[in-house]
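Chain residues, written in single-letter form:
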Amino acid sequence: MFLVLTMPAFGGGARATGLAARLHAEPGQPLRRGDPLIDLVVDVSGGLARDCPPVSTNRIIVQEALWLRQFHVLPGERIKPGDRIASFSVERDAPDEPPVREPRIEIATILSHSDWWSEAE
Amino acid sequence: MRPLAVRLGELNGGVPLRRSGLKWLVPDGHRCQADELVAHCTIGLGADSPFAEERGQVELLLTAGAAGILRHGEQRAAGGFLDRMPYFDWDADESWAHVENATAPAHEVPRCMFLVGRRFTEIANTRALLLNGWHDRTRAWWGESGHGGLLCAGVCEQEAIVRGFDDYRSLFALAAGPVHVVHGQDEPLVPTAVTLREQLERTPVERLAIREDIARTFGAEGPAPSAEEWMFAAALLNGLERSPLTDTYPLLTRAGYSDGGAADAICLSSTAELAETARHRSLGYTIALHGFTLRSLGPAARRWLRRSFEPMQRSIGSIAADYRALAAALPGRLLFVVNSVSSFAYESIADYASLDDATMARLASVRAKDLNLALHDLEEDHRLCIVDADAIAADLGMARHLPDGIHGSGAFYAAVRAELVRQLGNWGVPGFAIRR
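These protein sequence lines are chains U and P, in that order.
682 is the number of the first residue of the first sequence in the numbering used here; add one for each residue after it.
8 is the number of the first residue of the second sequence in the numbering used here; add one for each residue after it.
Do not rely on the hints blindly, as some may be mistaken.
[What the hints assert, rightly or not] Sample of chain P residues lacking proximity to chain U, with all beta carbon distances greater than 10 Å (derived): (1) 51; (2) 81; (3) 98; (4) 108; (5) 130; (6) 132; (7) 152; (8) 209; (9) 268; (10) 287; (11) 334; (12) 341; (13) 380; (14) 383; (15) 422; (16) 435.
[Unchecked claim] Once the Cα atoms are required to be at most 20 Å apart in a straight line, the calculated SDA-like pairs of lysine to any residue come out as: (17) U:761 x P:353; (18) P:376 x P:324; (19) P:376 x U:788; (20) P:376 x P:282; (21) P:376 x U:792; (22) U:761 x P:354; (23) U:761 x U:685; (24) P:30 x P:140; (25) U:761 x U:736; (26) P:376 x P:398; (27) U:761 x P:410; (28) P:30 x P:139; (29) U:761 x U:726; (30) U:761 x U:690; (31) U:761 x U:751.
[Said to hold, decoys possible] Going by beta-carbon spacing under 10 Å, a handful of chain P positions derived as facing chain U: (32) 281; (33) 282; (34) 302; (35) 356; (36) 358; (37) 361; (38) 370; (39) 374; (40) 412.
If you're looking for bench data, these hints aren't it; they were derived computationally from the structure.
For clarity, every value in this text was computed on a predicted model and none was experimentally measured.
Glycine included, each C-beta is placed from N, C-alpha and C at the ideal position.
Please model the entire structure based on the sequences and the hints provided.
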């Protein structure tokens, strides 16, 4: 059985935009419940708010045992609600087939400040 | 019944003043309340007045004086710049409005309120709207004497709580007596407990060393700073050279100038206590900058920050220690802290036990709850008083009242404002009893 994760709406509906900040897994890797998958920097204003923009970093955590088949985004890539983030299968060697549902996930808002200071100039 | 003729009344103890034309906040025929602010003008005091820091200009807002139907009086103003600049002599006997069907109590000389802002620079001098422009501090007070003072030195939420979206008028409608409220800008130097304490303790020699270091190092290597980056550096230096907690304030009243002294109470935001600050590598001072400020910087400012500062992670224990030190440095003054909203709109964690240690250590909601708990410990030690915005947000509902998790509704800020005023009144800060 194949599953596909799409970017959640984050309450902002079609306005929210995301930036793939960090991928935590590799294609072909098994994921257990509680494993982090990806960090998304989300701006629910869709980039429209310049003063004190509603930006947060959110970690998507899988909540069921899966095999990661493919990421559809690269670090630094911008995405919007409904865009595909990753595909999974329940069985390790399942043949490709259309996805039947979204995986069960949790979203955790995390502190993200430190990356700025260590970023290359 | 004859309409009540509302006069300007004596101001500044009768010392001659000049004013701009009156601008109306409500239309002719408006059904007003006695303490409702209905018109405003600019008062010119001159650079040699006690308001030199604020460029010698004060905005005066007039109440109607009585409940009833307000009729605009004939004005000498001719619109345009004559309504912005102080061209007219103040005439205490001038009748500027009438109130029809006025109900008691009715006052021919109405209550008035003052607004003033301290600009970052003279060139940020737009006067197109009330209290418009780039200020590092704004404040407001009623025109009578005996003020209780509140200084708000938190993040942007405090602008919404005290200045509101109507230039302090909602707060002044709540507080019964003569109050003086000051709001400080939180950008770019975020007012954390440690930066505020360092501002208190910084000597003139240390301020000069910071100024000389920035002058020597900012843009000295790498790309030339843009105009916006120079303004960032200047605004940061402005914050580092000031100490808002030791500010004292002149006041203008109907009776004359008075010395408002330092604020009786100080209100901070625990949201300002960022998980990470930065320490200057050679001079040792601390800066805290919002993430969105950091992300907006150009290459020259980024390079300067990275070369001049080292990041510092802040534990909840170290933040609590900073609050204790700050409270100890402010004997006799009440310290209030608006706590952190600790539920995040997009978080959907059902099972914390399944999370790995790295994720647990970086959960923003857990850190906010830990910080709020630390505030409760400090409150029990009588170091500060909590304004529980977290409980108010939970009570009203996050999805409706803080839909993006950061910016609240009018009802949310009204509830936090009322709670702050209630606590100030309970602690006996003059003027802050809730109006009945």
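>> Checking one constraint from the list: CA of residue 376 of chain P to CA of residue 324 of chain P, max 20 Å. Satisfied?
In response: 13 Å, holds
> Does the no-contact call for residue 98 of chain P survive, Cβ to all of chain U over 10 Å?
Replying inline: 41 Å, holds
> So is residue 380 of chain P really clear of chain U, every C-beta pair being over 10 Å apart?
Replying inline: 17 Å, holds
>> What's the verdict on residue 376 of chain P and residue 792 of chain U, does the C-alpha distance respect the 20 Å limit or exceed it?
In response: 14 Å, holds
> Close enough to count: is the Cβ of residue 356 of chain P nearer than 10 Å to one in chain U?
Replying inline: At 5 Å from the nearest chain U Cβ, residue 356 of chain P passes the 10 Å test, so the hint holds.
>> Hint validation: residue 358 of chain P versus chain U, beta carbon distance must be below 10 Å. Holds or violated?
In response: Because about 7 Å separates residue 358 of chain P from the closest Cβ in chain U, which is inside the 10 Å limit, the hint holds.
> Can we confirm that no CB of chain U comes within 10 Å of the CB of residue 383 of chain P?
Replying inline: 22 Å, holds
> Is the nearest CB of chain U more than 10 Å from the CB of residue 81 of chain P?
Replying inline: Nearest chain U Cβ is 40 Å from residue 81 of chain P, so the label holds.
> Can we confirm that no CB of chain U comes within 10 Å of the CB of residue 130 of chain P?
Replying inline: 21 Å, holds
> When you look at the beta carbon of residue 209 of chain P, is every beta carbon of chain U farther off than 10 Å?
Replying inline: About 24 Å separates residue 209 of chain P from the closest Cβ of chain U, which puts it past 10 Å; holds.
>> Verify this label for me: residue 51 of chain P is non-interface relative to chain U, using a Cβ-Cβ cutoff of 10 Å.
In response: 31 Å, holds
>> Checking one constraint from the list: CA of residue 30 of chain P to CA of residue 139 of chain P, max 20 Å. Satisfied?
In response: Holds. Residue 30 of chain P to residue 139 of chain P sits at ~15 Å (cutoff 20 Å).
In terms of the numbered hints stated before, the structure departs from none.
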